[in-house]
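A.B. asks: Sequences are here, hints too, so could you generate the full structure?
Single-letter residue listing:
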Amino acid sequence: MMQALEVIAPGLHTTVQDQGRIGYQDIGVPASGPLDRISLRLANALVGNPPDTPVLEMLLQGPTLKVIAESVRVALVGCSAGIEIRSGNARTIPAGRSARLARGEVFRIGALGDSVCAYLAIEGGPEVPMVLGSASTYVRGAIGGLHGRRLKQNDVVPLKLGGVDVRGEHALPRPLDLALDQPIRVVLGPQAEYFTDEAVQTFLASDYTVSPQADRMGYRLTGPALAHAQGYDIVSDGIVAGAVQVPGSGLPIVLMVDHQTIGGYPKIATVISADIPIVGRRRPGRPIRFVAVDVREAERLRGKQETTLRQEVENLVAV
Amino acid sequence: MNVRFLPAGDTAVIVQFGDRIDRGVNERVLRLSAQVRAANLAGVVETVPTFRSLLVHYDPLATDSASLTVAIENLLDDSRGEAQPVKLWRIPACYAASHAPDLEEVAQRTGLSTAEIVRLHGSTRYHVYMIGFVPGFPYMGDLPAPLTLPRRADPRVRVSAGSIAIATNMTAIYPLESPGGWHLIGATPIRLFDLRRPRPALLSPGDAVRFEPITVPEFDAIRAAVTADAYQVPSEMIAA
Numbered sequence: 001m002m003q004a005l006e007v008i009a010p011g012l013h014t015t016v017q018d019q020g021r022i023g024y025q026d027i028g029v030p031a032s033g034p035l036d037r038i039s040l041r042l043a044n045a046l047v048g049n050p051p052d053t054p055v056l057e058m059l060l061q062g063p064t065l066k067v068i069a070e071s072v073r074v075a076l077v078g079c080s081a082g083i084e085i086r087s088g089n090a091r092t093i094p095a096g097r098s099a100r101l102a103r104g105e106v107f108r109i110g111a112l113g114d115s116v117c118a119y120l121a122i123e124g125g126p127e128v129p130m131v132l133g134s135a136s137t138y139v140r141g142a143i144g145g146l147h148g149r150r151l152k153q154n155d156v157v158p159l160k161l162g163g164v165d166v167r168g169e170h171a172l173p174r175p176l177d178l179a180l181d182q183p184i185r186v187v188l189g190p191q192a193e194y195f196t197d198e199a200v201q202t203f204l205a206s207d208y209t210v211s212p213q214a215d216r217m218g219y220r221l222t223g224p225a226l227a228h229a230q231g232y233d234i235v236s237d238g239i240v241a242g243a244v245q246v247p248g249s250g251l252p253i254v255l256m257v258d259h260q261t262i263g264g265y266p267k268i269a270t271v272i273s274a275d276i277p278i279v280g281r282r283r284p285g286r287p288i289r290f291v292a293v294d295v296r297e298a299e300r301l302r303g304k305q306e307t308t309l310r311q312e313v314e315n316l317v318a319v
Numbered sequence: 001m002n003v004r005f006l007p008a009g010d011t012a013v014i015v016q017f018g019d020r021i022d023r024g025v026n027e028r029v030l031r032l033s034a035q036v037r038a039a040n041l042a043g044v045v046e047t048v049p050t051f052r053s054l055l056v057h058y059d060p061l062a063t064d065s066a067s068l069t070v071a072i073e074n075l076l077d078d079s080r081g082e083a084q085p086v087k088l089w090r091i092p093a094c095y096a097a098s099h100a101p102d103l104e105e106v107a108q109r110t111g112l113s114t115a116e117i118v119r120l121h122g123s124t125r126y127h128v129y130m131i132g133f134v135p136g137f138p139y140m141g142d143l144p145a146p147l148t149l150p151r152r153a154d155p156r157v158r159v160s161a162g163s164i165a166i167a168t169n170m171t172a173i174y175p176l177e178s179p180g181g182w183h184l185i186g187a188t189p190i191r192l193f194d195l196r197r198p199r200p201a202l203l204s205p206g207d208a209v210r211f212e213p214i215t216v217p218e219f220d221a222i223r224a225a226v227t228a229d230a231y232q233v234p235s236e237m238i239a240a
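As you go down the protein sequences, you meet chains A and B in turn.
My numbering numbers the first residue of the first sequence as 1 and each following residue consecutively.
My numbering numbers the first residue of the second sequence as 1 and each following residue consecutively.
In short, the hints are calculated from the structure, not lab data.
Using N, Cα and C, we set each Cβ at its ideal position, and we do this for glycine too.
A few of these clues could be false.
[To be verified] With beta-carbon atoms standing in for the labels, derived distance ranges: (1) E73(B) with T196(A): 47 to 53 Å; (2) N154(A) with A97(B): 40 to 46 Å; (3) Q182(A) with P146(B): 54 to 60 Å; (4) Q201(A) with D59(B): 31 to 37 Å.
C.D. replies: Here you go:
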């Protein structure tokens, strides 16, 4: 018997993601995984999944899906939009809480509102093959997820579970803080010395804006151009998610989860890991301001974020 | 040049051995990469060797930059290690005009005959410096000096998989169809990147590569064998 979600409308860019693909960057395969790992983790917790269960990541505009199973349990996290159930018992499930949907129900996640990305967890998760140890979709390499690509109309996303128990549902203890105006913390380097002192000052003192050229590879920013002190070609070296690369235009690009593994432009700074999900949520047109911290502080902030996240997962509220 | 540790946020450190493309520098990078992997350092997630530096990804919830730096410094002190044998791959390469869209232009720009280009390219043993740009894309060098050219002024939107290319002092093979700015001087019928293999990239950083010239009929025969999963790329272990 088929157990699946049928794609009535795919949304703008909906892919299967888990926590990412580890161990293949030395052969050029990026880690992929979610733009916002915090929301992915909370969504999985709400439906009772282990944190490494694959989910559906949607960008800007969510999909419309139909339940082709006895029942499913879903939860949406990362945006202000909710899940609209349009057939039968019409209702809206707000973001940040789980719900059980029955066979034949059609549910829509429309415009995500303030955030770029949101995550739909499904109890048990989608049933997709693990490719190089991960279910994450890397669209450019046609690797992972559902056929290595984003969802399209009439796709059928197979599910691990054909039905779920009737039991109490859960909600986040408090709404997720999308941190839409929070300054983004960076560690300067690895190539800050390739820029003039003025450029580093400008980078830390200016308002940048997320440009429409923002995708899972990187978010291009507009704002004051940054002058290179030593040219803009370096001998290619390794790249991490969060690296702020500055090509010849002088305009920074924050590299995100599908970034190339190596590159030849100098990187003025690196967004700290705690703040990568916050950049990930930030829509084109919204401001970004950077503030420098040292590595030790970055590590402390990540530890603190992890503690908070664990507490939230342990303190989900029965609804 | 001394070894430098560069910050790369709170999830990686970069160990930089130099600021140029150099075989000796790259071999130090590859040796440290192997050492870091063998040492199983707590919190290390993966390593990415590049031309002149090693990127070490770590989990900031399991270790920190300061202790990882000390652990890597200790490995650097212990870098006696004699040279290990390397794997030499013999990659079939078809340089026929039908498979080499830029060969004529490269001849014009270098002032060499196409036959001389093929002879030079096909008689050199290359070192795989690193893999990246797209999955499985090998940066191999060094190219014989007369073949050195800058990248194309107008990159192609689409380069087919298997294209053998040159630019600067490097040669490469496009593993997947992708955009590309290098000069295409031949094609190989083999698969450089295949997700059905446990390690999908055929080549690894540190491997050696030679190109073995083949004719168009040989290209077609090998391609058919590859498609039928009945072809193995010849390789052997050699002294470094």
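A.B. asks: So which hints don't hold here, by number, going up?
C.D. replies: 1
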